[in-house]
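Undergrad: These are the residues of each chain, in order.
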Amino acid sequence: MQKVGIVEVAMTPGTESSLSLMEFTYKPVKEVLDKAGLRRDQVGTYVLASTDIMHSGMSCANAFDWDAAGAFMKPASREEGDGITAFIYGCMRIMSGRHDTALVVGLIKGSENAENDTITSCFADPFYSRPLGIQETTAAAMQMRLYLERYGITEEQCAKVVVKNLGNALFNPYAHIKKRVSVEDVLKSERICDPLKAMECAPKSDGVCAMLLASEEKARKLTNNPVWLKGWGSSMDTFYLGDRDLLDTQLKTAAVGAYKMAGISDPRKEIDVAEICEPYAFQELLWCEELGFCAQGQGGKLIDSGVTQIAGDLPVNPSGGVLATNPYVSRGLYRVAEAALQIRGEAGQHQLDKKVNTALACAGYGFAGQWHGVAILGN
Amino acid sequence: MVEAVKSPEFPVKEYKTGNKDTVLPYNWALGPTWTKFFNGLKEEKILGTRCKKCNRVLVPARTFCPSCYKDMEDEEWVEVAQEGTVETWCLVNYKYYGQPKEPPYIIAQICLDRADCSVTHFIGGFDLSDPDKVREKMKSVSRIKAVWSKEKHADIYDIAYFEPV
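Chains as they are written, first to last, in my numbering: chain A, 1 to 379; chain B, 380 to 544.
Rather than coming from a laboratory, the hints here were simulated on the basis of the structure.
Take the hints with a grain of salt, since some may be wrong.
Said to hold, decoys possible - Quick list of the computed label-pair ranges, beta carbon to beta carbon:
| # | chain 1 | residue 1 | chain 2 | residue 2 | range |
| --- | --- | --- | --- | --- | --- |
| 1 | A | Gly345 | B | Thr396 | 32 to 42 Å |
| 2 | B | Val526 | A | Gly348 | 25 to 35 Å |
| 3 | A | Met1 | B | Ser446 | 28 to 38 Å |
Nothing here was measured: the structure is a model prediction, and the numbers come from that model.
Backbone N, C-alpha and C fix where the C-beta goes; we use that ideal spot for every residue, glycine too.
With the hints as extra help, turn the sequences into a complete structure.
TA: Written as structure tokens, this is what we have:
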């Protein structure tokens with residue numbers, strides 16, 4: 001496999017921006033180009049991630065995004081779903097040998113959008129699931145109840161994820177929600193969708209993430225500190241909740257694919273840090289199981305053990321994760337960017353106090369994690 | 380089918396802010412299989428289709444078996460039971476723009492007898508105002524059955540909800 005390197009990343013804070021969507025998109029793209037010392041026309045290809053329904057409801061992604069990203073008069077395309085697939089698409093364009101640089105941008109202003117649950121209702125079929133109120137929160141709440149009942153995971157263990165991630169976010173200048181909270185605070189927060197509590201659900205955040213990728217030769221010219229793509233896997237599950245076992249998601253399949261490509265046989269030992277996509281607190285525990293960080297049903301014990309804390313053996317979401325910052329569509333690209341910064345030793349105040357050689361970034365979307373993508377990065 | 384329950388309020392911003400609701404008309408074809416399924420609901424029947432390859436009965440009825448990836452359209456239609464067990468559920472107790480009904484309400488995955496997948500629907504027929512009492516009540520529920528709406532429109536609301544037997 002041809003090597004592809006992450007050369008530079010830039011991202012915006014997750015808090016509400018008063019800039020227009022177009023101005024907001026321009027800034028981090030310009031920052032990445034300036035850091036790399038490139039003009040926009042010197043970039044080989046552009047891949048953008050945005051979704052019209054979440055494009056502040058304006059739809060007009062083509063009106064704003066291409067100019068803002070400096071991507072016009074270039075081989076450029078846009079994808080929906082999650083920004084992590086724009087990342088992998090950019091990598092593939094470089095692997096094709098056709099381009100030696102790719103600029104990947106994920107963009108959203110959550111603050112301008114309708115509520116997450118209103119929007120994700122539209123992800124349900126309009127005849128059966130949508131009129132019954134299925135959206136990401138209700139689907140997750142049903143998945144959570146199964147998780148609690150089948151494996152005896154406790155609500156306290158789920159709440160610990162919120163305590164950890166919002167606490168980690170205190171040290172991340174790009175995080176949206178950051179605070180010290182206790183397990184009791186989480187458990188006492190509004191029972192919006194029992195068993196889910198309000199504090200266990202991700203916010204809707206603003207967020208543009210821009211990332212410059214390059215071929216091995218070019219990357220070494222542009223930076224002293226490239227981060228390489230080592231592995232990738234993804235998988236999509238069938239749609240209807242009733243056709244699936246909600247505790248047996250395609251994250252397992254995605255992870256197996258990524259580990260195989262990266263030559264990882266013991267993820268718990270070989271991965272130094274993981275940035276994963278947990279819009280609902282309990283999902284971090286379930287996803288850790290499916291990523292092979294612990295055995296099935298042991299996600300509660302994993303967080304109890306302290307392993308996933310920022311100073312633990314395998315820190316999970318040192319950035320604060322999606323519970324702290326949820327720029328839907330670009331949130332997966334944020335995971336890749338955060339993982340890359342940890343490898344480079346440039347994560348700032350939330351930089352891990354150890355050498356990071358191998359990092360995992362994963363993203364997901366859909367009801368109860370219908371789709372998952374896993375990327376392995378290395379130095 | 381989803382109707383707005385309240386108008387969203389936009390926060391005041393530092394710069395000039397544009398507000399706009401977007402309402403667009405669409406026409407969605409249900410196709411023959413789901414037309415037959417929803418017409419079945421109007422007659423108080425819950426219909427599934429059996430895949431001849433994997434032998435599973437899937438509800439709502441399908442035109443094709445997603446796993447075996449083969450036609451189900453001309454295959455066996457099965458009327459599944461109107462009773463079953465609860466696989467999992469949640470108690471919706473908050474408001475959001477466009478939600479289908481006034482909270483509180485329970486959404487559940489329900490395993491109907493003779494079906495090989497679960498179906499989504501509401502559970503009701505008892506007091507939902509206290510989440511702790513609802514948890515207690517749901518622990519004691521072993522079987523639930525469909526409650527039909529008096530007025531039917533051949534849509535998913537022809538079943539009003541499922542209630543404990």
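Undergrad: Given the range 25 to 35 Å, decide if the beta-carbon distance of valine 526 of chain B to glycine 348 of chain A lies inside it.
TA: Violated: the Cβ-Cβ distance is about 57 Å, outside 25 to 35 Å.
Undergrad: Is the gap between the beta carbons of methionine 1 of chain A and serine 446 of chain B within 28 to 38 Å?
TA: 32 Å, holds
Undergrad: Between the beta carbons of glycine 345 of chain A and threonine 396 of chain B, is the distance compatible with 32 to 42 Å?
TA: At 40 Å between Cβs, range holds.
Comparing the model with each numbered hint stated earlier shows that hint 2 is the single one that does not hold.
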